[in-house]
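As given, the protein sequences belong to chains A and B, one line each in that order.
Under the working numbering, the first residue of the first sequence is numbered 1, with each subsequent residue one higher.
Under the working numbering, the first residue of the second sequence is numbered 1, with each subsequent residue one higher.
If you are wondering where the hints come from, they were derived from the structure by calculation, not from laboratory data.
Here a beta-carbon is modelled for each residue, glycine too, at the ideal position from N, C-alpha and C.
One should not assume that every hint holds.
[Stated by the list, open to error] Which bits of chain B does chain A cover? Going by a derived footprint, with three or more residues having C-beta under 8 Å, they are: (1) 10-16; (2) 19-27; (3) 87-99; (4) 123-131; (5) 258-271.
[Stated by the list, open to error] Okay, the calculated bits of chain A under chain B, using three or more residues with CB under 8 Å as the criterion: (6) 27-39; (7) 73-81; (8) 151-159.
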Amino acid sequence: MILESLGCATRQIRTPDQLAAVDALVVPGGESTTMSMLLERSQLLDPLRERAEQGLPIFGTCAGMILMASEICDGRDDQHSLGVLDMTVARNGYGRQIDSFETDIEIVGLDTPFHAVFIRSPVVTRLGPEIESLAEVDGFPVLCRKGPVTVAAFHPELSGDDRLHRRWLSQSGICYSRASGPKE
Amino acid sequence: MGQNNKRETGTTLVKRGLAEMLKGGVIMDVVNPDHAKIAEDAGAVAVMALERVPSDIRKDGGVSRMSDPEMIHGIQAAVSIPVMAKARIGHFAEAQMLEAIGVDYIDESEVLTPADEAHHIDKWAFTIPFVCGATNLGEALRRISEGAAMIRSKGEAGTGNVVEAVRHLRSIVGDIGKITQADSAELFDWAKQLQAPLPLIQEIADTGQLPVPMFCAGGIATPADASLVMQLGAQAVFVGSGIFKSSSPAKMASAIVEAATHYQDPAILVKVSAGLGDAMAGLEISGLDMKLAERGW
Numbered sequence: 001m002i003l004e005s006l007g008c009a010t011r012q013i014r015t016p017d018q019l020a021a022v023d024a025l026v027v028p029g030g031e032s033t034t035m036s037m038l039l040e041r042s043q044l045l046d047p048l049r050e051r052a053e054q055g056l057p058i059f060g061t062c063a064g065m066i067l068m069a070s071e072i073c074d075g076r077d078d079q080h081s082l083g084v085l086d087m088t089v090a091r092n093g094y095g096r097q098i099d100s101f102e103t104d105i106e107i108v109g110l111d112t113p114f115h116a117v118f119i120r121s122p123v124v125t126r127l128g129p130e131i132e133s134l135a136e137v138d139g140f141p142v143l144c145r146k147g148p149v150t151v152a153a154f155h156p157e158l159s160g161d162d163r164l165h166r167r168w169l170s171q172s173g174i175c176y177s178r179a180s181g182p183k184e
Numbered sequence: 001m002g003q004n005n006k007r008e009t010g011t012t013l014v015k016r017g018l019a020e021m022l023k024g025g026v027i028m029d030v031v032n033p034d035h036a037k038i039a040e041d042a043g044a045v046a047v048m049a050l051e052r053v054p055s056d057i058r059k060d061g062g063v064s065r066m067s068d069p070e071m072i073h074g075i076q077a078a079v080s081i082p083v084m085a086k087a088r089i090g091h092f093a094e095a096q097m098l099e100a101i102g103v104d105y106i107d108e109s110e111v112l113t114p115a116d117e118a119h120h121i122d123k124w125a126f127t128i129p130f131v132c133g134a135t136n137l138g139e140a141l142r143r144i145s146e147g148a149a150m151i152r153s154k155g156e157a158g159t160g161n162v163v164e165a166v167r168h169l170r171s172i173v174g175d176i177g178k179i180t181q182a183d184s185a186e187l188f189d190w191a192k193q194l195q196a197p198l199p200l201i202q203e204i205a206d207t208g209q210l211p212v213p214m215f216c217a218g219g220i221a222t223p224a225d226a227s228l229v230m231q232l233g234a235q236a237v238f239v240g241s242g243i244f245k246s247s248s249p250a251k252m253a254s255a256i257v258e259a260a261t262h263y264q265d266p267a268i269l270v271k272v273s274a275g276l277g278d279a280m281a282g283l284e285i286s287g288l289d290m291k292l293a294e295r296g297w
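My request is simple: use the sequences and hints to build the entire structure.
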């Protein structure tokens, strides 16, 4: 757990009460269709939209990026996205698992390349004008940010490099000293 | 920015990474596109394509093989979640075909009739990741040393009886706990006792966990079963006959999905378990003619 190694207290969110108690949220990878259904059945969709509108810091990776988007291509008709960021993503844009890959990417503001793992990753096909693209693969954005919300098409949690997590915490105004770790 | 560095596919990280993304979810056995659709609608994180569900394999007997490629293609077309498929133990030609079909994970499975009595598939030779069954830690580590990127308990498939899966999980988790307490000299003996590679034993001593995700399979038939095995340390569950041999598959499927998410919350388990109809008919292990878990070594 990268955030724990940075001194953050973390907990998993499965209910609206648990969501109400956190200062920042990581929406990890997984199956976006399953996550969408469970968010709905657990009555988390509206509270999550509300908190996002109020400026909750969010770091979404892979499926987390899909959930933050305003539009999903190749999703299920009943699939929800939260519309936190004005962007369109195509699910499994690189293909199936056999096409999943790892590679080094250049990221704006980082001195050295970041090792990125793409697993059945989404592809960003349209990015709203207010959203900053911080890295690209094949000319498509793979790391995007607007204010306290950062989304990645890859899995920074898998490659053991905490630079993106640290940057997201700093940009969200959360200090991550071991002594006084904020809640995730 | 924008220039592209070398891309590597089929690496250990990429293979194990997909298993990481399935944690907390339910993978459902399906035999046709209609079943796959029901599974996806219920919130499955992946489906497992096979020729017959284990309880039918048990009933019908005969040799059980990889699914018809046409059926797998049909399932791939029907759903957008990952599609896994089973190959017989040691049958690397079936595995090569599954890779050519482009399934997302291959299950080298004791549920099918083994093709080789001495050798499992060399799974390092493939770009597609493999999951393998295990009844104990030694077996799990031998499969990992052959390249498996995910381990599942074998349980006793097609019985609707969770007792064997519980035994396998407790055995694996229990031995991991003991290894973390062992001193460095004792690790050599653990490697000998478990007939497993020493470096993997040393890795467990350092990290306190298997090097790959550990899921549970074999006999899960109710939301309560899913909660039980997840509380025992399984990171996700495979459900085979338990869904499509129950009286209302769609309801059972979505109840087990919720149970896997809220496995620590009995109140939610009560809610999702109410009025589900009949679970699949279960079998007593002592009355079985054929124990699938004894296949593989």
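How the hints compare with the structure:
1. Proximity of the region 10-16 of chain B to chain A, defined as three or more residues with a beta carbon under 8 Å from a beta carbon of that chain, is established by the 4 residues found.
2. With a threshold of 8 Å between beta carbons, the proposed coverage of the region 19-27 of chain B by chain A holds, since 6 of its residues qualify and at least three are required.
3. Closer than 8 Å: that is the beta-carbon criterion, and the region 87-99 of chain B has 1 residues meeting it against chain A, so the requirement of 3 is violated.
4. Chain A is given as covering the region 123-131 of chain B, and this holds because 3 residues of the stretch bring a CB closer than 8 Å to a CB of that chain, at least three being needed.
5. Note: the region 258-271 of chain B has 4 residues with beta-carbon separation from chain A under 8 Å; the three-residue rule is met and the coverage holds.
6. With a cut-off of 8 Å between beta carbons, the region 27-39 of chain A has 7 residues touching chain B; three or more are needed, and the interface restraint holds.
7. Against chain B, the region 73-81 of chain A contributes 3 residues with a C-beta closer than 8 Å to a partner C-beta. That satisfies the three-residue criterion, and the hint holds.
8. Counting residues of the region 151-159 of chain A whose beta-carbon sits less than 8 Å from any beta-carbon of chain B gives 3, enough to reach three: the coverage restraint holds.
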